[in-house]
Amino acid sequence: MQKSAMINNEIIRKRLAKRYAKERRFRLYGVASITISIAFLLTLLVNISLNGLPAFQQTYINLEVNLDEDILGVTSSSNDKEFLQGNYSKAIKSSLKTLFPNVKGRKNNKALKQLVSSSATYQIRDFVMDNPNMIGTTQSFWFLAKDDIDVFIKGGIDRSLPETDRRIKDLQLIWIDQLLFDQRLEKRFNFTFFTQSDSREPEQAGIKGAVVGSLLVMLVTMLLSFPIGVLAAVYLEEFAPQNNKWVDMIEININNLAAVPSIVFGLLGLAVFIGLFGVPRSVPLVGGLVLTLMTLPTIIITTRAALKAVPYSIREAALALGASRVQMAFHHVVPAAMPGILTGTIIGMAQALGETAPLLMIGMVAFVANVPQGIADPSTVLPVQIYLWSDSPERAFIERTYAAIMVLIGFLVMMNFIAVIMRRIFEKKF
Amino acid sequence: MKNKVKYVAAAFGSVAIMTVSTSAMSVVRSYIDVVGSSTVYPFATVVAETYGKKTRRKTPKIESTGSGGGMKLFCSGRGINTPDITNASRRIKYSEFKKCQKNGVKDIVEVKIGYDGIAIANSKQAPVFDLTRRSLFLALAKQVPSGNKGVLIDNPYLNWNDINSKLPNTRIEVLGPPPTSGTRDAFAELALEGGCKTFDWIKQLRTKAKQLKKAGDKIGAARLKNRYKNICHSVREDGAYIEAGENDNLIVAKLVANPKALGIFGFSFLEQNSDKVQGAIIDGVKVNFDAISYGSYPVSRPLYFYVKKSHVGKVPGIKAFIAEFTSEDAWGKEGYLTDKGLIPLSDKERYKVWKSANNLTPLELKSE
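Residue numbers (the working numbering), protein chains in the order written: chain A, 604 to 1033; chain B, 894 to 1261.
With the rest of the complex left out, here is chain B (with noise of 0.2 Å):
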C-alpha cells in the first residue's frame, strides 16, 4: 500500500511540472488565434484549414465567441495571450475602438470580406411568401403604429391576411433566432427597421434625434433616439415570433414540419437546403446570390474581421492567413467561400481592401 501512497505522489508532482511547463510555453504561441462572430465562424474556419494544409502550418484555432464577446476579447490588451483576429458579422463600434485603444490595442486592421444575407423561408410544400419589410414590421413589432400620428397600440395582427389583404389567410407564426444571436440583430436593424422606417413620424423620431445633437442637446437626443429603437427593434412577445434557439438547421427542420411557419436564417442554410424549404420575396426581390451581391436584396449585412498588428511577427503566419483570406481563390467570384455561402465584394471594393489588408493599413475612426 505504500506504493500507493508515493503513486499519488508522483501524481501531484507530474501535474506540478505541467503545470510550470505549460505556463512558461505560453510566451510564445505558434498558432494564430482567431475569436468572434458566428457567422464569419463557416468562413474564416474554411479559411483557416486551407491556409493549414497548403502551408503545411499549424492550422488556426478559430472560436465562436460572437462579435461582441470576440471584440471584448481582443481589446483586452496587447499580450501574446490575447487573440490575434476577431471576426465580426457588423462593423466595429467606435465605443469598442475606444476600448481597444485604452487598452494599448493601437493598431487594428479591419479586413471587409464580403456579404451575408439573412433568408426569410417556409416550406416548399406552401406557396412562396412576397413580402415587403413594413408588412414584416407589422407582423413582428411588439407596439405597432395605429391610425393616428405618434399613437402606437399592442400587435393586434393575428393572421397575415389582416396586414395586407394580398397575403395568404393564415396565422402569423415566425421562427426566429434568440435576441443572443447576431442574426437577430442583424434582423432586428434591416428588416423591422426597414419597415418601421416607412412611417413618416418614427423617422421623424431620428432625424429629430439629430438635429437635437447638433444643437447640444444631448440627454433629448438620447431620448428620442431609444424611442426610436424601442419601436422599431422590440420583437412582439404574445407567441407570433418562436424563438427557436441558435441552430438554425433545427428552424429549417421545424419549417418543414409546419408548412404555415416562416424562418429566418443565415442564406447559407437556405442554399444547403434548397429542396425543403424556398426563400421569400422582400420589397419584390427574391433572396438569391446575384440579388444580395448587387445590393438588392434588403437583408443583408457586411461581415469583417480584425487584426492586431502589434502581433504581426510575433505569432507567425498572421500575413499569410490574410493573403490566403483575401486572395481571388478564396473570397473571389468562384472563390471556395461563395460555395459556402458568402456573398463576395464587388472587384473594385475587393481590391481596395485587399490593398489596405496586405499592408497591415490601420484603421481609423472617428467619433459616431
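Next up, chain A with everything else stripped away, as it sits in the complex (with noise of 0.2 Å):
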C-alpha cells in the first residue's frame, strides 16, 4: 500500500517537474521570439535613422553676387516677361569668377559653375523680381550646394582614392577648401526637404508635395469609408434581417474583400473611375476612392465587432424606455461602440497611408514638382515619393530616401498614438 503510494508519488513528482520544465521553456521561448522581434525593429529602425540622418543638413555656399544691369541684362523698371529671361547664371558665373580668377578653360569653368545648384539662378531672380531697387548693388547670397559637393561635405566621397574614381575632382577639392577656410562653406539644417516638391536635383527635393498629395488622398478616403463602412456596419449589425442568406452572402464577400491584394482594388479603379467615370488620373480624388475600395472592409469588420461588443442589455434597455431603432442605434449602441470604430479606421487609414501598389495603376506614380492645390491636381503621395527616390541615379537621394521614410513611420506612429487616445477618452465601462 505505502509502497504503491510512493511509486505514485513518484510518478506525480516527475510529471510535475516535465510540466514545470514545459512551463519554464514556453517563457523562454515566448522571451526569445520577443527579443528577436525587437532587435529586428531596432536593427530596421537604427539602420534608417543612421542612414536617413544626414539628409536633414545641407550644405550651403555664400557668394557676394553683383546684381548689374550690364550682367542680368533687366533693369529696374523691366516688366516680368523681361525679367523671366534675364540671365542670372551669367551674375553667378562672374561672383565664382572673382572668388577663382585663375580657372581657365571651358570644362574648368563649367565644373566651378556646377559647385552651386541650378536653384542659384532662379533664386536671384526672385530676389530681383521682389527688390528692383536692387540692382546694381552687390548682394551676399546662401546658395545651395550641389549635390556632389553636400556628399563629399558629409563624408559620403573618400578624398584619398585616386582623381578618376571620385566624383569630386582634384581642382574641386582646391575650390571646396578655400571656401571651407573662407568659411562661405556651411552645413545647416535642410528646411528645402520640408518646403519644397520632388525634384531631379537632389539638393533641391523635398517631401511637401508628396506630404500634400497623402493628406489629400487620406481626407478623401476619410470622408468616403467612414460614413459609408460605419452605416454599412450598424446596418449588417443592427437592422439587417437575421439568419437571411443574402446577409450572409454579403458578409462573406465582405471578409473575402478584406483579403484582396491591394493592386487589384487599382485595377477596378483604372477601369471604373477612370474608364467609366472619366474622372482624371493621378489625381487624390481618383487616390482617394482606390483607397476608400481598400480600406471599406476593414472598417466594416471592425466597426461591426465593436458593435457586437456592445452588451444586448444596453439595446433592450433603451427600446424598453421607448426608443425607437434608430434611436436605439445611433443614441446608445453606436457611441458605446465609437473606441472600438474609431481604433478600426485609424488602423484602416494607415494601412491606405502605407500604400502603393494599387495607386501604381492610376498613375500617381509620377513626377510632380507643384504641391498640390486640390483634389483635381496632379500629386503623389509619401510612399511613392520614397519608391520614386529610391531608384534615382543621384546618390545624395539615398539618405533622403531614408529621411523619407523616417516621416512616414512618423506619422504612422502619430497616427496609431492618436488611436490610443481615441480609445481612452471614448472609453466606456459596462
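The hints are simulated quantities; they were obtained by calculation from the structure and are not laboratory data. For glycine and all other residues, C-beta sits at the position ideal for the given N, C-alpha and C. Don't take every hint at face value.
[Claimed, not checked] Okay, derived cross-link-like pairs now, DMTMM-like style, lysine to aspartate or glutamate, Cα gap no bigger than 25 Å in a straight line:
# : chain 1 : residue 1 : chain 2 : residue 2
1 : B       : K1233     : A       : E766
2 : B       : K951      : A       : D683
3 : B       : K1169     : A       : D761
4 : A       : K710      : B       : D1168
5 : B       : K1245     : B       : D1183
6 : A       : K757      : B       : D1168
7 : B       : K1212     : A       : D683
8 : B       : K1153     : A       : D683
[Said to hold, decoys possible] With the Cβ distance kept under 8 Å, some of the chain B side facing chain A (calculated, not the full set):
#  : residue
9  : Y924
10 : T938
11 : D1055
12 : F1162
13 : Q1165
[What the hints assert, rightly or not] Simulated coverage check for chain A against chain B, where a stretch passes if three residues somewhere in it have a Cβ under 8 Å from a Cβ of chain B:
#  : stretch
14 : 883–890
15 : 952–958
16 : 964–974
17 : 997–1009
Given two chains presented individually in distinct reference frames, assemble the corresponding complex, making use of the accompanying hints.
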C-alpha cells in the first residue's frame, strides 16, 4: 500500500517536474521571440535613422553677387517677361570668377559653375523680381551646394581615392578647401526638404508635395470610407434580418474583400473611376476613391466587431424606454462602440497611407514638382515618393529616401498614438 | 448625437460636390501630361522641372509607365484625358502607330533625344572584364550552338574560362533586370542578339525569313523569325543570370558585396558610382561617354519622345516644353541632360530633329 503510494508520488513528482520544465521552456520561447522581433525592429530603425539623418542637413555656399544691369540684362523698370529672360547664371559665374580668378578652360569653368545648385539662378531671379531697386548693388547670398559637394562635405566621398574614381575632382577639392577656409561653406538645417516638392536635383528635392498629396488622399478616403463603412456595419449588425441568406452572402463577401491584394483595387479603380467616370489620372480624388475601396472592408469588419461587443442589455433598456430602433442604434449602441470603431478606422487609414501598389495603376507614381492645390491637381503620395527616390541614380537621393521613410514612419506612429488616445477618451465601462 | 448624423450627411454632400466639380474641371487641363519609358524618365523630369522654373508655369506631370504602357495610353484616343507626350526607349512600332491612327491620334511628332548606354560592370575590387558580345551570348543564352550546324544544347558553361580561356576562372554570375524591364529588352537585342548573330547559321535564319517573306510565304517567314528570336533572346534560367529587380541602385550594392559578379544597368548609374564599380570592355571598347556618342560602344540605344499634335494649343505650353527639351542648354553637348547621363546626338542629327520637332512635322511610318 505504502509502496504503491510512494511509486505514485514518484510518478506525480516526475510529471510535475516535467510540467514545470515545459512551462519554463514556453516562457523562454516567448521571451526569445520577443527579443528577436525587438532586435529586428531596432536594427531596422537604427539602419533607417543612420542612413536618413544626414539628409536633415544641407551644405550651403555663400557668394557675393553683383546684380549689375549689364550682367543680368534687366533694369529696375523691366516687365515680368523681361525679368524671366534675364541672364542670372552669368551673375553667379562672374561672382565665382572673382573668388577663383585662375580657372581656365571650358571644362573647368563648367565644373566651377557646378559648385552651386541650379536653383541659385532662380533664387537671384526671384530676389531681383521682388526687389527691383536692388539692381546695381552687390548682395550676399547663401546658395544650395550641388549634390556632389554636399555628399562630399558629409563624408560620402573618400578624398584618398585616385582622382578618376571620385565624383569630386582634385580641382574641386581645392575650391572646396578654400571655401571652407573662407567660411563660405556651411552645413545648415535642411529646410528645403520640408518646404519643396520633388525635384530631379537632390539638393532641391523635398517632401512637401508628397505630404500634401498624402493628406488630400487621406481626406477623400476618410470622408468616404468612414460614413459608408460605419453605416453599412450598423445596418448589417442592428437592422438587417437575421439568418437571411442574402445577408450571409454579403457578410462572406466583405470578409473576402478584406483579403484581396491591394493592386486589384487599383485595376478596378482604373477601369471604373478613370475608364467609366472619366476622373483624371494621378489626382488625389481618384487615389482616395481607390483607397476607399481598400479600407471599406477593414472598417466594416472592425465596426461590426465593436458593435457586437456592446452588451445586449443596453439595446433592450433603450427599446424598453420607448426608443425607436434608430434612436437605440445612434444614441446608445454606436457611441458605446465608438472606441472600437475609431481604432478600426485609424488602422485602416494607416494601412492606406502606406499603400503604393494600387496607386501605380491610376498614375500616382509620377514626377510632380508642384504642390497640389486641391483634390483635382496631379499629385503623388509619401510611399510613392520614397519608391521614386530609391530608384534614382544620384547618390544624394539615398539619404533622402531614408529621411522620407523616417517621416512616413513618424506619421504612422502618430496615427496609432491618436488611436490609443481616442480609445482612452471614448472608453466606457459597463 | 443628431449633430453626428448631420455631420455625416454634410460629409457625403461635400464629397458629391467635389466629384462633380472635378469632372467639370477635367475638360481643361493646365499642365502637360507625360507618360512612358522609365529610361527616359530621369531626363524628361529634369527638362520638365527646368521648364516649370524658367517659365513659372505648372511643371508637367511625368509618369513612369514603361515604353509599351506609355504607347498604349498615348494611343488610346484624342480626348483631353489622354496623355500629350509619351517617352520611349525604342522607336514606335508599326503596330502601335497603326493603333494610334485607328483611335484618331493621326498626327504624331517624333523627337529623338539622344542615346543611352547599357553598362556591364563589376566591382572595382576585381579586374576589368574584357568581353565580346559573342562570349556574353554564350554565357547567358538559354541554349547555345554545339559543334554541329543547327544543333542547340542547353547552356553547359559554368565558369567564364569555359567560354574563353583568357577569361577569369570564376563562376558565371550576372545580375540584371527582369523581363518586364526595357533595359532587359535592349540588352537582349543589342548584346545577346549581337553575339548570337556571329554564328553564321543563326544569322541565316533571319536572312532566310526575309527571303520567304518576299516570296510571299508569311507563315514560314514568321516561323523562322520566331526561331531566330528564341535562340537569340532567351536568357538561361539555371541561376547564372540572376534577376535583381528593376532597381539599379540595388544591383550596384550587390556588385560591391560580391566582387565576382557582373551587373547590367543604365550608364548613368555607372557614372554616379564610378568609385565602386567599373564598366567592362565590350568588343574592345570601354564604355564611356565618347564611345557611346560616337556609336563605337555596341550596347547603346536611341531614346525618343512622341507628341500628340492635336493637343498643341489645347494644353498650354507643349510647344515651349519641346523647345526647352531641344535647346542646346538641355540636349546639347554641354547641356544639363548630359550631366544626368544622356549621350547627345551628333550636331547634324540634332539640327535635323530640332527642325522637325519645332515645326511639329508629323511622323510617317511605312509597314516594316
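Now the hints, each set against the structure:
no. : hint              : in the structure
1   : B:K1233 x A:E766  : 20 Å, holds
2   : B:K951 x A:D683   : 17 Å, holds
3   : B:K1169 x A:D761  : 11 Å, holds
4   : A:K710 x B:D1168  : 21 Å, holds
5   : B:K1245 x B:D1183 : 21 Å, holds
6   : A:K757 x B:D1168  : 16 Å, holds
7   : B:K1212 x A:D683  : 20 Å, holds
8   : B:K1153 x A:D683  : 59 Å, violated
9   : Y924              : 6 Å, holds
10  : T938              : 4 Å, holds
11  : D1055             : 32 Å, violated
12  : F1162             : 5 Å, holds
13  : Q1165             : 5 Å, holds
14  : 883–890           : holds (count 5)
15  : 952–958           : violated (count 0)
16  : 964–974           : holds (count 7)
17  : 997–1009          : holds (count 3)
Of the numbered hints given earlier, the model fails hints 8, 11 and 15; all others are met.
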